[in-house]
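J.: Chains as they are written, first to last, in my numbering: chain A, 1 to 402; chain B, 1 to 402.
Calculated from the structure, these hints are not laboratory results.
A hint or two may mislead.
No copy is singled out in the list; a pair is fine if it fits within one copy or between any two copies.
In the DSBU-like style, the derived pairs of lysine-lysine whose C-alpha atoms are separated by at most 35 Å in a straight line are [stated by the list, open to error]: (1) Lys222 - Lys397; (2) Lys331 - Lys279; (3) Lys397 - Lys215; (4) Lys50 - Lys222; (5) Lys35 - Lys331; (6) Lys336 - Lys50; (7) Lys279 - Lys213; (8) Lys213 - Lys397; (9) Lys331 - Lys215.
Predicted model, so just to flag it, every value in this text is computed and none were measured.
2 protein chains.
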Amino acid sequence: MTKCIVAQSGGPTAVINATVAGIVKANQMNPVYDKVLGGLNGIEGVLQEKFVDLTDMSDEENLILRQTPSSALGSCRYKLNRQKTEDMDKLIRIMEKNDVETLFYVGGNDSMDTVAALSEYAAAHGITNRRFVGCPKTVDNDLMITDHCPGFASAAKFIANTALQTWYDVNVYTRQEVFILETMGRDAGWLAAASCLSEKVDVLIVPEVAFDKDKFLEVVSKKLAETNHCYIVVSEGARFANGEYLAAAEAKNDGFGHAVLGGAAKYLEGLLLSTGTTKRCKVLDLSTAQRSHATEQSLTDVTESFELGMSAHMRSADRTFTGKMVGLTRKPGIDKYDIDFFAVEAEKVANYVKNFPVAWLLDDYAGITEAAFEYFRPLIEGTPQFITKNGLPVYIKPYYLQ
Amino acid sequence: MTKCIVAQSGGPTAVINATVAGIVKANQMNPVYDKVLGGLNGIEGVLQEKFVDLTDMSDEENLILRQTPSSALGSCRYKLNRQKTEDMDKLIRIMEKNDVETLFYVGGNDSMDTVAALSEYAAAHGITNRRFVGCPKTVDNDLMITDHCPGFASAAKFIANTALQTWYDVNVYTRQEVFILETMGRDAGWLAAASCLSEKVDVLIVPEVAFDKDKFLEVVSKKLAETNHCYIVVSEGARFANGEYLAAAEAKNDGFGHAVLGGAAKYLEGLLLSTGTTKRCKVLDLSTAQRSHATEQSLTDVTESFELGMSAHMRSADRTFTGKMVGLTRKPGIDKYDIDFFAVEAEKVANYVKNFPVAWLLDDYAGITEAAFEYFRPLIEGTPQFITKNGLPVYIKPYYLQ
Numbered sequence: 001m002t003k004c005i006v007a008q009s010g011g012p013t014a015v016i017n018a019t020v021a022g023i024v025k026a027n028q029m030n031p032v033y034d035k036v037l038g039g040l041n042g043i044e045g046v047l048q049e050k051f052v053d054l055t056d057m058s059d060e061e062n063l064i065l066r067q068t069p070s071s072a073l074g075s076c077r078y079k080l081n082r083q084k085t086e087d088m089d090k091l092i093r094i095m096e097k098n099d100v101e102t103l104f105y106v107g108g109n110d111s112m113d114t115v116a117a118l119s120e121y122a123a124a125h126g127i128t129n130r131r132f133v134g135c136p137k138t139v140d141n142d143l144m145i146t147d148h149c150p151g152f153a154s155a156a157k158f159i160a161n162t163a164l165q166t167w168y169d170v171n172v173y174t175r176q177e178v179f180i181l182e183t184m185g186r187d188a189g190w191l192a193a194a195s196c197l198s199e200k201v202d203v204l205i206v207p208e209v210a211f212d213k214d215k216f217l218e219v220v221s222k223k224l225a226e227t228n229h230c231y232i233v234v235s236e237g238a239r240f241a242n243g244e245y246l247a248a249a250e251a252k253n254d255g256f257g258h259a260v261l262g263g264a265a266k267y268l269e270g271l272l273l274s275t276g277t278t279k280r281c282k283v284l285d286l287s288t289a290q291r292s293h294a295t296e297q298s299l300t301d302v303t304e305s306f307e308l309g310m311s312a313h314m315r316s317a318d319r320t321f322t323g324k325m326v327g328l329t330r331k332p333g334i335d336k337y338d339i340d341f342f343a344v345e346a347e348k349v350a351n352y353v354k355n356f357p358v359a360w361l362l363d364d365y366a367g368i369t370e371a372a373f374e375y376f377r378p379l380i381e382g383t384p385q386f387i388t389k390n391g392l393p394v395y396i397k398p399y400y401l402q
Numbered sequence: 001m002t003k004c005i006v007a008q009s010g011g012p013t014a015v016i017n018a019t020v021a022g023i024v025k026a027n028q029m030n031p032v033y034d035k036v037l038g039g040l041n042g043i044e045g046v047l048q049e050k051f052v053d054l055t056d057m058s059d060e061e062n063l064i065l066r067q068t069p070s071s072a073l074g075s076c077r078y079k080l081n082r083q084k085t086e087d088m089d090k091l092i093r094i095m096e097k098n099d100v101e102t103l104f105y106v107g108g109n110d111s112m113d114t115v116a117a118l119s120e121y122a123a124a125h126g127i128t129n130r131r132f133v134g135c136p137k138t139v140d141n142d143l144m145i146t147d148h149c150p151g152f153a154s155a156a157k158f159i160a161n162t163a164l165q166t167w168y169d170v171n172v173y174t175r176q177e178v179f180i181l182e183t184m185g186r187d188a189g190w191l192a193a194a195s196c197l198s199e200k201v202d203v204l205i206v207p208e209v210a211f212d213k214d215k216f217l218e219v220v221s222k223k224l225a226e227t228n229h230c231y232i233v234v235s236e237g238a239r240f241a242n243g244e245y246l247a248a249a250e251a252k253n254d255g256f257g258h259a260v261l262g263g264a265a266k267y268l269e270g271l272l273l274s275t276g277t278t279k280r281c282k283v284l285d286l287s288t289a290q291r292s293h294a295t296e297q298s299l300t301d302v303t304e305s306f307e308l309g310m311s312a313h314m315r316s317a318d319r320t321f322t323g324k325m326v327g328l329t330r331k332p333g334i335d336k337y338d339i340d341f342f343a344v345e346a347e348k349v350a351n352y353v354k355n356f357p358v359a360w361l362l363d364d365y366a367g368i369t370e371a372a373f374e375y376f377r378p379l380i381e382g383t384p385q386f387i388t389k390n391g392l393p394v395y396i397k398p399y400y401l402q
């Protein structure tokens with residue numbers, strides 16, 4: 001009997017813990033591993049042998065874990081790539097020392113690169129009994145091959161609800177007013193586009209289409225002339241034709257070489273005010289609330305995240321299963337939404353970005369096509385029953401603080 | 001038989017429509033009025049005779065109206081005070097012309113002033129058959145005499161959930177990080193204080209206690225030294241000892257002589273970064289999302305808002321009932337939370353502000369006392385069952401757009 005480790009990396013989501021809960025639950029149903037260890041703060045903590053024992057988690061704790069947002073095991077932004085052979089060697093020695101056969105890594109692009117790098121390194125060194133399995137999560141929904149990523153739908157649902165509700169708010173006065181909602185989405189417009197589920201978005205700006213100042217001002221002016229109100233949604237990663245971000249003036253660096261953005265909405269507000277297009281403009285940047293707002297988990301999302309963890313665990317009973325990511329695909333040929341799990345080489349997912357399809361965008365920033373609605377709608381279906389106390393949800397005390 | 005008008009004023013809330021739904025429902029149970037008219041965009045629209053007929057609303061529409069955020073009848077910021085005798089005269093003539101006996105006005109401080117001014121004007125002119133009844137609503141919870149205001153608890157619940165969830169998010173990395181959540185609250189700290197229901201707030205800044213820069217920096221530094229993370233909540237109306245708002249640099253005017261604030265959190269972020277207290281700081285200003293986020297309605301709040309509308313209608317069957325606001329009081333002498341409705345002179349509520357009790361604040365910005373927790377907790381209890389379609393709540397098309 002050996003052990004497995006599950007660790008989480010990158011930005012949190014509202015359902016990332018459900019994948020961990022699924023791995024733990026699957027191992028209780030079929031104890032492939034003697035122990036399920038939680039690695040704290042991703043690879044960073046695993047390299048320091050910071051573990052908690054999750055093996056005998058009670059069903060109540062498992063349920064509470066599923067409704068707890070953000071990474072209960074802590075996260076990191078440490079990227080273990082092919083160049084860091086010393087770290088890879090250290091990690092494998094730590095796995096050997098602790099009798100750990102499998103590392104489940106729950107994360108996005110960078111985490112899939114870590115899974116690919118470690119499995120390649122192991123293969124190149126003839127190590128066959130240390131295995132690496134990726135479980136996708138990202139609110140950005142920008143991983144290749146998988147139909148969608150656990151975490152995206154709950155963020156999308158919160159954004160759509162917020163767009164709907166703030167649209168109702170901004171329209172109550174007769175005076176002219178523009179509202180600009182900024183969403184996450186460094187390179188892909190999935191989250192911003194999902195706001196259109198509210199059916200209230202007048203203008204949608206995503207990174208996939210170069211921002212044209214004149215066209216934008218024309219579209220907003222037209223809408224204001226018609227109804228005196230205009231509801232705009234913009235991705236943080238919106239950019240000009242030359243590739244420069246609208247938020248460029250406020251760009252910083254997150255240590256991964258990614259620009260940390262914020263301020264695309266502020267840029268648009270400045271543009272509308274300075275050109276006299278409008279005199280009143282409200283801006284809402286949802287910041288990290290959009291990725292952690294677990295009180296609006298999509299039942300579909302949290303269920304898929306849990307089952308994906310189970311599927312990854314079950315597949316790992318095959319001792320040749322390594323270097324893979326478990327993904328989601330829609331069952332073809334049926335009307336009703338349903339998904340299958342499948343495995344793909346992590347290598348094929350790592351370091352690519354799946355953009356929002358430009359074919360799903362209407363002209364003149366007017367929103368999304370019916371095909372996009374059909375893609376989005378089933379993902380946000382359903383609301384879980386939450387365990388609450390004093391009117392608020394009950395959450396797990398983060399394992400990294402226990 | 002005569003008619004009544006119900007109109008809404010001031011900033012929207014997540015449950016303001018439930019009061020309208022209660023008035024309509026009560027009139028269906030006991031048709032005191034021949035018709036229930038909705039006045040569009042508050043007094044502004046009533047003065048233009050913009051009405052919709054709500055009398056025969058179906059039960060389904062009534063249920064959907066209760067879950068719809070923001071003012072379905074539209075709102076205004078037009079203040080009808082004792083100086084505007086021409087408007088008051090015009091309003092009473094419009095009521096006479098349309099055979100309207102009672103105007104129910106759902107709003108905050110300014111609306112109660114309108115109710116008081118109109119009833120005084122009617123009394124002074126010997127007009128006994130035109131009556132004016134106030135129904136409180138405000139997310140700010142700053143109305144006198146009533147124990148609390150419909151609308152507050154749902155905003156409080158959304159803020160507490162957001163504080164809880166973003167606390168989970170900001171703590172996942174080992175790196176040092178400060179998070180600052182800014183809430184509404186121009187003059188009173190109720191909403192900011194309610195964030196403490198999350199039990200995660202390290203530093204709470206409200207308008208009721210003068211902001212002391214040195215003490216603040218000392219408290220944050222101490223917390224960072226202990227845990228490397230610090231969670232701060234600040235009211236938009238936080239101010240220095242000289243009365244100047246932290247957000248003063250960004251102050252504008254909303255036409256009522258109130259400062260439109262925004263930027264207290266940005267001020268604190270600048271202070272923390274410029275003094276080197278921390279290098280990483282995230283800011284979230286919930287803007288209008290906090291007052292319109294109806295997917296997190298408190299069941300207690302929406303029920304009380306509905307019943308308050310019913311109570312106001314039922315009391316108005318007494319043809320001497322005018323110039324009053326219907327309020328909420330906790331039933332004394334019982335352990336379990338329960339409320340009674342009562343009526344009070346609108347005059348006693350208008351133009352006063354009920355501050356958050358300083359006695360309920362801990363020293364050194366450390367949050368709120370147990371007495372404050374006891375006050376808040378029952379208000380946020382319960383989650384309504386929502387009518388949904390395609391994963392999102394179904395809302396009424398605003399009457400001002402029909």
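J.: Given identical chains, is Lys222 near Lys397, meaning Cα to Cα at most 35 Å, within a copy, between copies, both, or neither?
T.: between (51 Å within a copy, 23 Å between copies)
J.: For the identical chains here, do Lys331 and Lys215 meet the 35 Å Cα criterion within one copy, between copies, both, or neither?
T.: neither (40 Å within a copy, 60 Å between copies)
J.: Can you give me the call for Lys35 and Lys331, within, between, both or neither, at a CA distance of at most 35 Å?
T.: Within one copy only: 34 Å inside a chain, 54 Å across chains, cut-off 35 Å.
J.: Under a CA distance limit of 35 Å, which applies to Lys397 and Lys215: within one copy, between copies, both, or neither?
T.: Between copies only: 30 Å across chains, 49 Å inside a chain, cut-off 35 Å.
J.: Between the shortest in-copy and the shortest cross-copy C-alpha distance, which are at most 35 Å for Lys213 and Lys397: within, between, both, or neither?
T.: between (47 Å within a copy, 32 Å between copies)
J.: From the Cα coordinates, with 35 Å as the cut-off, is the pair Lys336 and Lys50 best called within, between, both, or neither?
T.: Neither way: Lys336 and Lys50 sit 44 Å apart in one copy and 45 Å across, limit 35 Å.
J.: Could you figure out if Lys331 and Lys279 sit no more than 35 Å apart (CA to CA) within one copy, between two copies, both or neither?
T.: For Lys331 and Lys279, neither the intra-copy (49 Å) nor the inter-copy (48 Å) Cα distance is at most 35 Å.
J.: Within a copy, between copies, both or neither: which one fits Lys50 and Lys222 at a CA-CA cutoff of 35 Å?
T.: Between copies only: 26 Å across chains, 58 Å inside a chain, cut-off 35 Å.
J.: What label fits Lys279 with Lys213 when the C-alpha limit is 35 Å: within, between, both, or neither?
T.: The answer is both: 18 Å in one copy and 34 Å across copies each meet 35 Å.
Of the numbered hints stated above, those contradicted by the structure are hints 2, 6 and 9, listed in ascending order.
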